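*Asks:* Protein chains in written order, with my numbering: chain A, 40 to 620; chain B, 40 to 620.
Errors might be hidden in some of the hints.
Given that identical chains are not distinguished, each listed pair holds provided it fits within a single copy or across any two copies.
Stated by the list, open to error - Using 16 Å as the maximum straight-line C-alpha spacing, the simulated EDC-like pairs for lysine to aspartate or glutamate come out as follows:
(1) Lys127 / Glu371
(2) Lys51 / Glu160
(3) Lys165 / Asp559
(4) Lys335 / Asp325
(5) Lys330 / Glu373
(6) Lys356 / Glu589
(7) Lys588 / Glu276
(8) Lys615 / Asp546
Calculated directly from the structure, the hints in this document are not laboratory data. Source: prediction; values computed, not measured.
Spelled out, the chains give:
There are 2 protein chains.
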Amino acid sequence: MKASQFFISTFKEAPADAEVVSHKLMMRAGLIKRLGAGIYNYMPMGLRVIRKVEAIVREEMNRAGAVEITMPVVQPAELWQETGRFEKMGPELLRIQDRHGRDFVIQPTSEEVVTDIARQELRSHKQLPKNLYQIQTKFRDERRPRFGLMRGREFTMKDAYSFDKSRDAAQVSYQNMRQAYQQIFDRFGLRYRAVRADSGAIGGDLSEEFQVIAATGEDAIVYCPDSDYAANLEKAEALAPTGTRPAASLPMSQVATPGKSTCPDVAELLGVPLSTTVKSLVLATDELDDKGIVVKSQVWLLLLRGDHDMNEIKVGKVPGLDAGFRFATQAEIESHFGCKPGYLGPLNLLQPVNLVVDRDVAIMADWICGANAEGFHMIGVNWGRDLPEPSVVADLRNVVAGDLSPDGKGQLAIERGIEVGHVFYLGDKYSKAMNATFLAENGKPAFFEMGCYGIGITRLPAAAIEQNHDERGIIWPDAIAPFTVVLCPIGMARSEAVQASASALYDALLALGVDVILDDRDERLGAMLADWELIGVPHRVVISDRGLKEGTVEYQHRRDTEATKVAQDGILAHLKGRLGL
Amino acid sequence: MKASQFFISTFKEAPADAEVVSHKLMMRAGLIKRLGAGIYNYMPMGLRVIRKVEAIVREEMNRAGAVEITMPVVQPAELWQETGRFEKMGPELLRIQDRHGRDFVIQPTSEEVVTDIARQELRSHKQLPKNLYQIQTKFRDERRPRFGLMRGREFTMKDAYSFDKSRDAAQVSYQNMRQAYQQIFDRFGLRYRAVRADSGAIGGDLSEEFQVIAATGEDAIVYCPDSDYAANLEKAEALAPTGTRPAASLPMSQVATPGKSTCPDVAELLGVPLSTTVKSLVLATDELDDKGIVVKSQVWLLLLRGDHDMNEIKVGKVPGLDAGFRFATQAEIESHFGCKPGYLGPLNLLQPVNLVVDRDVAIMADWICGANAEGFHMIGVNWGRDLPEPSVVADLRNVVAGDLSPDGKGQLAIERGIEVGHVFYLGDKYSKAMNATFLAENGKPAFFEMGCYGIGITRLPAAAIEQNHDERGIIWPDAIAPFTVVLCPIGMARSEAVQASASALYDALLALGVDVILDDRDERLGAMLADWELIGVPHRVVISDRGLKEGTVEYQHRRDTEATKVAQDGILAHLKGRLGL
Numbered sequence: 040m041k042a043s044q045f046f047i048s049t050f051k052e053a054p055a056d057a058e059v060v061s062h063k064l065m066m067r068a069g070l071i072k073r074l075g076a077g078i079y080n081y082m083p084m085g086l087r088v089i090r091k092v093e094a095i096v097r098e099e100m101n102r103a104g105a106v107e108i109t110m111p112v113v114q115p116a117e118l119w120q121e122t123g124r125f126e127k128m129g130p131e132l133l134r135i136q137d138r139h140g141r142d143f144v145i146q147p148t149s150e151e152v153v154t155d156i157a158r159q160e161l162r163s164h165k166q167l168p169k170n171l172y173q174i175q176t177k178f179r180d181e182r183r184p185r186f187g188l189m190r191g192r193e194f195t196m197k198d199a200y201s202f203d204k205s206r207d208a209a210q211v212s213y214q215n216m217r218q219a220y221q222q223i224f225d226r227f228g229l230r231y232r233a234v235r236a237d238s239g240a241i242g243g244d245l246s247e248e249f250q251v252i253a254a255t256g257e258d259a260i261v262y263c264p265d266s267d268y269a270a271n272l273e274k275a276e277a278l279a280p281t282g283t284r285p286a287a288s289l290p291m292s293q294v295a296t297p298g299k300s301t302c303p304d305v306a307e308l309l310g311v312p313l314s315t316t317v318k319s320l321v322l323a324t325d326e327l328d329d330k331g332i333v334v335k336s337q338v339w340l341l342l343l344r345g346d347h348d349m350n351e352i353k354v355g356k357v358p359g360l361d362a363g364f365r366f367a368t369q370a371e372i373e374s375h376f377g378c379k380p381g382y383l384g385p386l387n388l389l390q391p392v393n394l395v396v397d398r399d400v401a402i403m404a405d406w407i408c409g410a411n412a413e414g415f416h417m418i419g420v421n422w423g424r425d426l427p428e429p430s431v432v433a434d435l436r437n438v439v440a441g442d443l444s445p446d447g448k449g450q451l452a453i454e455r456g457i458e459v460g461h462v463f464y465l466g467d468k469y470s471k472a473m474n475a476t477f478l479a480e481n482g483k484p485a486f487f488e489m490g491c492y493g494i495g496i497t498r499l500p501a502a503a504i505e506q507n508h509d510e511r512g513i514i515w516p517d518a519i520a521p522f523t524v525v526l527c528p529i530g531m532a533r534s535e536a537v538q539a540s541a542s543a544l545y546d547a548l549l550a551l552g553v554d555v556i557l558d559d560r561d562e563r564l565g566a567m568l569a570d571w572e573l574i575g576v577p578h579r580v581v582i583s584d585r586g587l588k589e590g591t592v593e594y595q596h597r598r599d600t601e602a603t604k605v606a607q608d609g610i611l612a613h614l615k616g617r618l619g620l
Numbered sequence: 040m041k042a043s044q045f046f047i048s049t050f051k052e053a054p055a056d057a058e059v060v061s062h063k064l065m066m067r068a069g070l071i072k073r074l075g076a077g078i079y080n081y082m083p084m085g086l087r088v089i090r091k092v093e094a095i096v097r098e099e100m101n102r103a104g105a106v107e108i109t110m111p112v113v114q115p116a117e118l119w120q121e122t123g124r125f126e127k128m129g130p131e132l133l134r135i136q137d138r139h140g141r142d143f144v145i146q147p148t149s150e151e152v153v154t155d156i157a158r159q160e161l162r163s164h165k166q167l168p169k170n171l172y173q174i175q176t177k178f179r180d181e182r183r184p185r186f187g188l189m190r191g192r193e194f195t196m197k198d199a200y201s202f203d204k205s206r207d208a209a210q211v212s213y214q215n216m217r218q219a220y221q222q223i224f225d226r227f228g229l230r231y232r233a234v235r236a237d238s239g240a241i242g243g244d245l246s247e248e249f250q251v252i253a254a255t256g257e258d259a260i261v262y263c264p265d266s267d268y269a270a271n272l273e274k275a276e277a278l279a280p281t282g283t284r285p286a287a288s289l290p291m292s293q294v295a296t297p298g299k300s301t302c303p304d305v306a307e308l309l310g311v312p313l314s315t316t317v318k319s320l321v322l323a324t325d326e327l328d329d330k331g332i333v334v335k336s337q338v339w340l341l342l343l344r345g346d347h348d349m350n351e352i353k354v355g356k357v358p359g360l361d362a363g364f365r366f367a368t369q370a371e372i373e374s375h376f377g378c379k380p381g382y383l384g385p386l387n388l389l390q391p392v393n394l395v396v397d398r399d400v401a402i403m404a405d406w407i408c409g410a411n412a413e414g415f416h417m418i419g420v421n422w423g424r425d426l427p428e429p430s431v432v433a434d435l436r437n438v439v440a441g442d443l444s445p446d447g448k449g450q451l452a453i454e455r456g457i458e459v460g461h462v463f464y465l466g467d468k469y470s471k472a473m474n475a476t477f478l479a480e481n482g483k484p485a486f487f488e489m490g491c492y493g494i495g496i497t498r499l500p501a502a503a504i505e506q507n508h509d510e511r512g513i514i515w516p517d518a519i520a521p522f523t524v525v526l527c528p529i530g531m532a533r534s535e536a537v538q539a540s541a542s543a544l545y546d547a548l549l550a551l552g553v554d555v556i557l558d559d560r561d562e563r564l565g566a567m568l569a570d571w572e573l574i575g576v577p578h579r580v581v582i583s584d585r586g587l588k589e590g591t592v593e594y595q596h597r598r599d600t601e602a603t604k605v606a607q608d609g610i611l612a613h614l615k616g617r618l619g620l
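Chain A with its partners taken away, still in its complex shape (with noise of 0.2 Å):
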């Protein structure tokens, strides 16, 4: 490609809307160019990246043994209903009705569809298993739509679905996809961790998320550096703690604490670890009648230690909260403590409570509570002594870093990540609610189980972008990037030797299949250069009257300081050997 041909668009500013890098970057590379609120044009540039993650993905799918196909992006709402999400969903499913009424969705993923197909086309155990994927538009309405391709409204995924005859054969077919997965993400070139994830309702542990390793990720990663253990922070367990209860040595007194409503200013103001405070959550459960209306609530207490953050997931997973919980109102907190929220903890309540004691705090002696008055905190609080032993004990707690691992093989450590693919065992709830059956070996219908796999494929570029920069742009790995490499001749249009030397390269690079841009805009070498830093283009290639008048070109990485002084001659085997050609 010459660039004259091509479409090269910069910008020095980012737009101000832009908060993450690679949103600012991706729109001063001109990879996207912004439409309305989470919808992107993707420009010659980003384009051509995007591609790339569609023909790598594309291939190993097929290498995998799924199928292709292609489902509508307007999609009848009849089979939404059938599963009951036309419903459920919320309005982040964009609902449309055509000229006649009837109504319709734009597919945010395609499970129905596809269950759909899979009830008509796969009739018995013979056609199976059969994985059926698509790479295509998605919307999804959110609420704050932002970070560019990051959490946009409409974006490209890769779904595929697996259908296999029985729960052993759908584990292949997960594992199946799990090892393409694997292939996918290390051909981009990118350093990525699959970590267990949570599978909500449908248990087990067949779920697991592929993370792109970038400090600004969204989602925080537990891993054994000395093992394979690897989890989303939701999902890590905590082991239970090892040690043993101390005995109590302090008496209980209540102690003034005057605006210190938070543990670490109780910890500070007192001169002890934080590890010595408990903090209390109030949460509360409704009992609703047929009409759905609220008949009856309780509340609950949970304690933590004042260095530990509660896990939602695994607080829903306690006895009699696993149905659905909520934070209490301030009325239920006063009804129940006399006081407000800061100063909270188990002792002298007005109306008795669900009591629900994290691990950690089981083992505590000694302890630091809100006393339930305002200004006011307890200490030297001991299980057994000035309250009775807790009976319900769980683990409410996201791991932390130094936590020893689930495996028993280290400690945890935490880092962040992006979430850009995810494979899940579906089992049958799909194929149940759609009476999707097919003939089993035994002659009798049965249910297809099932497995979902997806990746975003415009949201890799955003996350490649984040685990790969520096001030000047963009770096792409070379599986990925839009070009691989870039000649800058300088001075193009006034020098037949400068104009000569890149020719013969480009047109010898282009004859070994490689990806390259020759810059014949003519530009100044300093707008030119900054051009292709921003860009990220991972090799470059400047060819100069000066250089050439000594039989040298300058060949400098993206990922280089300096560049390197390589014989006229050499740098095609040069160039070879950094593609690994």
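Start from chain A and add chain B according to the hints.
*Replies:* Only chain B this time, still in chain A's reference frame:
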């Protein structure tokens, strides 16, 4: 590809709603699957065809210097309000509101968005010409979607838009695209014609349709077998008649023609050629006030020869009818003619009408027309004697086979076609409406001169089938076949020789880059061959034990009536010859 790992789903019967052969065969061969009215899943076999069409289009668009982008499916209404199309377009434009109540459309085409990109990105004449294209999902909410992918609601289109600094430059871009289209359609391997089309209000000749020739096509195409003249019937000019009016030879008289209300009926009753009769068509025009209320209507009488059909485009160019017209109401007809339709004519009117006479009628003598009295016609009517010489004479009719070609090089013929491409000079229609300018050489802002260029990606396979099929199924051209070669081993599971021979040929073809499928499903021969004839793979090799014993396999092209025995060790060379490798 091995059939066992692919997705093959054929049906003996087509669904009842499939009216045209391409729809029937695409459903039966499992290329597409209906999801809703005019909405289809592209199944694996069909998607392979679509991807090949896309790849050819993309390659030739790139070669022609166009640059690929992707514009969103869901587009903000604001831009569509700038051109007025948000209001003006009928219900085929699917309109939606997002969760915040903002208006959006599902793109049926992208002139607004691409012009918005151009006005922001193309600031100087130095950046021109530029041609941006996309291959993207479109939606048009057709009132009566039908014929499968021929007239669906959701479909894929390649739409390109050129931006130029002058009308002359725009013509160069137009011709460049026209050439690329010829290249593309040549590569598809289909019989087609580029025909002149009406360019509506914009005028000029710069509008051509690419029509795939098929007896079942919706469009009539006029062409001259002895020259390269070709036009859509709407557009094709009738040459001015070369003859002169004969002298009147009959007196005018009224004859009873009870129940004979059409020209053919009258001609038959009277035993005269249809070309001696004249048909009367009554139109009306309305004059509106500021508020759009009709303040005055006029009635128009058009006279055409009984064997000719009215051409609405041509009628719409007659002064007085060029701002829009409608057919007259029953009341308007009776108040002016004193008679019901079927017996109308230009004589004995109750009120004056605007008379427009086709050129061929203006040179007739002794003609026949309605008497404006039910059950009666006039015969022996003559201009200048029985009614004044016509003052408004125009080309009002469709050409017919045998008319002289407008280029003077022979007689016109008519065949039918399916429009799958359109190249169109837009001028400054959109750039003016959206104030899209660039800085011209004189330093002043100027409006872009635009062109737009479409190809119906998902319609093309349907058109290809309409042109290429027989009673057994589809016959694909090599370039867009889902697979180029199918290997059909008989009894592969029971014969090592068959298996070895099939595998060797399969591997050899794969190594050559041939898109080959090996049918390893172990189906009965009859069922296997019926499947592949229905699906329409152009080249087939049958490998059997019996053949191998005498050292042969059987080759058959899908168009051949019989298989050809080919030496086993010569089949690869034979295939290479057939495939042009």
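*Asks:* Run every hint past the structure and note whether it holds.
*Replies:* Here is what the structure says about each hint:
1. Lys127 / Glu371: Classified as neither: same-chain Cα gap 29 Å, cross-chain 56 Å, threshold 16 Å.
2. Lys51 / Glu160: between (54 Å within a copy, 14 Å between copies)
3. Lys165 / Asp559: This pair counts as between: shortest inter-copy Cα distance 14 Å, intra-copy 58 Å.
4. Lys335 / Asp325: within (6 Å within a copy, 70 Å between copies)
5. Lys330 / Glu373: Answer is neither; intra-copy 29 Å and inter-copy 65 Å both fail.
6. Lys356 / Glu589: Classified as neither: same-chain Cα gap 72 Å, cross-chain 72 Å, threshold 16 Å.
7. Lys588 / Glu276: neither (65 Å within a copy, 66 Å between copies)
8. Lys615 / Asp546: This pair counts as within: shortest intra-copy Cα distance 14 Å, inter-copy 30 Å.
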